[in-house]
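Undergrad: One letter stands for each residue in the lines below.
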Amino acid sequence: MGNDYSPNQREAVVLAALLHGERYGRQIRDEYARRTGQDMPLGSLYTTLDRMEEKGLVRSRTGESNPDRGGNRRKYYKLTAAGVEAFNNVLQWTDAIRGTTSHA
Amino acid sequence: MRKPLGVLHPDLPYRILRIHPLVALRGLAIGTVTSFLVGFALSSVCVYWLHLPARSIPSKTLALIAALSTVAMEGTLLVRAHSRMLARRGSRRSRNAANTTDRCLKFLQTLIPRHNREAILGDIWEDVVEFRAEGWKESHVRLHILWQLAVIVACRCRGIYRLAIFAWLAAKVRALFCGL
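As you go down the protein sequences, you meet chains H and B in turn.
Quick note: the first sequence uses our numbering, first residue -7, plus one each step.
Quick note: the second sequence uses our numbering, first residue 11, plus one each step.
For the record, the hints were derived by calculation from the structure and aren't laboratory data.
Remember, predicted model here, so these are calculated numbers, not experimental data.
Just so you know, even glycine gets a beta-carbon here, dropped at the ideal spot from N, CA and C.
One or more hints might be untrue.
[To be verified] From chain B, some residues computed to sit far from chain H (all C-beta separations above 10 Å):
id, residue
1, Leu47
2, Ala51
3, Leu52
4, Val55
5, Trp135
6, Phe141
7, Arg142
8, Glu144
9, Gly145
10, Ser149
11, Arg152
12, Val161
13, Ile162
[To be verified] Straight-line distance between alpha carbons at most 25 Å, and here's what the computed SDA-like set of lysine to any residue pairs gives:
id, chain 1, residue 1, chain 2, residue 2
14, H, Lys70, H, Trp85
15, B, Lys147, H, Lys70
16, H, Lys67, H, Gly55
17, H, Lys67, B, Arg152
18, H, Lys70, B, Arg152
[As the list claims (entries may be wrong)] Partial list, computed: chain B residues near chain H (C-beta under 10 Å):
id, residue
19, Ile122
20, Asn126
21, Ala129
22, Ile130
23, Leu131
24, Gly132
25, Asp133
26, Ile134
27, Asp137
28, Val139
29, Lys147
30, Glu148
31, His150
32, Leu153
33, Trp157
Please take these sequences and the hints and turn them into a complete structure.
TA: In structure tokens:
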């Protein structure tokens, strides 16, 4: 993954949701909804997470079996260094756009 | 009193829907033919009834409708096959399990990519338990599951490209037969 990778909007929100530590799918989805006001179906979320994992932005681990989930294990995601860097790219872009807007 | 879902199937993710391969193959064949026919019919409608130039027909729309018809056809066959399988089983546990929501969940698990199956099922399960605790109607819970299912299928369907090929092929056959 190159240092100049710019995530798309959905990836950026997911990266932001993971800034404060590892989370599992449902938590990320809830955080996404809180930040954007839009629901993201689980199918889309996991497709996005898979893609981000392929790009090396996040890393996953499988948790313990959980009776509250019918015995299903949670899959936790956390940011990698590349993910943090990508998020910083988003912030830089945002700052750049803000700067442009303020000069306009 | 109705048992909570989590009690019915603690081992749900490990119970792969057992459908005879021939039934699955038949579903696939019928789905493929259906998507082809729907694509063919749609392109004909666009050209002859709506008088659109053949090249202006948005192939994505055709592909999407072809994909939906495939999913609907294959889904119907799978659910029917699964219902028959449950009916054949005699145990009370199996009969108890045969309510619609559980069937949706069971059907769902076959469509989820294996490496994420447990995580997604668990998340949906948490939703279902939460919604039931909040007093949602069972039909609404079912709708929620079906919506998640639809998106998973759509996301999984990188085959949209494959289906676009079907639509393109259908347009070519139409052109062959209709001289366009």
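Undergrad: Each hint: holds or not?
TA: The hints, checked one at a time:
no. : hint                  : verdict
1   : Leu47                 : 27 Å, holds
2   : Ala51                 : 29 Å, holds
3   : Leu52                 : 26 Å, holds
4   : Val55                 : 30 Å, holds
5   : Trp135                : 5 Å, violated
6   : Phe141                : 13 Å, holds
7   : Arg142                : 13 Å, holds
8   : Glu144                : 15 Å, holds
9   : Gly145                : 19 Å, holds
10  : Ser149                : 19 Å, holds
11  : Arg152                : 15 Å, holds
12  : Val161                : 4 Å, violated
13  : Ile162                : 3 Å, violated
14  : H:Lys70 with H:Trp85  : 23 Å, holds
15  : B:Lys147 with H:Lys70 : 35 Å, violated
16  : H:Lys67 with H:Gly55  : 6 Å, holds
17  : H:Lys67 with B:Arg152 : 24 Å, holds
18  : H:Lys70 with B:Arg152 : 31 Å, violated
19  : Ile122                : 8 Å, holds
20  : Asn126                : 5 Å, holds
21  : Ala129                : 4 Å, holds
22  : Ile130                : 5 Å, holds
23  : Leu131                : 5 Å, holds
24  : Gly132                : 3 Å, holds
25  : Asp133                : 4 Å, holds
26  : Ile134                : 7 Å, holds
27  : Asp137                : 7 Å, holds
28  : Val139                : 7 Å, holds
29  : Lys147                : 19 Å, violated
30  : Glu148                : 17 Å, violated
31  : His150                : 15 Å, violated
32  : Leu153                : 13 Å, violated
33  : Trp157                : 7 Å, holds
Violation of the numbered hints given earlier is confined to hints 5, 12, 13, 15, 18, 29, 30, 31, 32; the remaining hints are satisfied by the structure.
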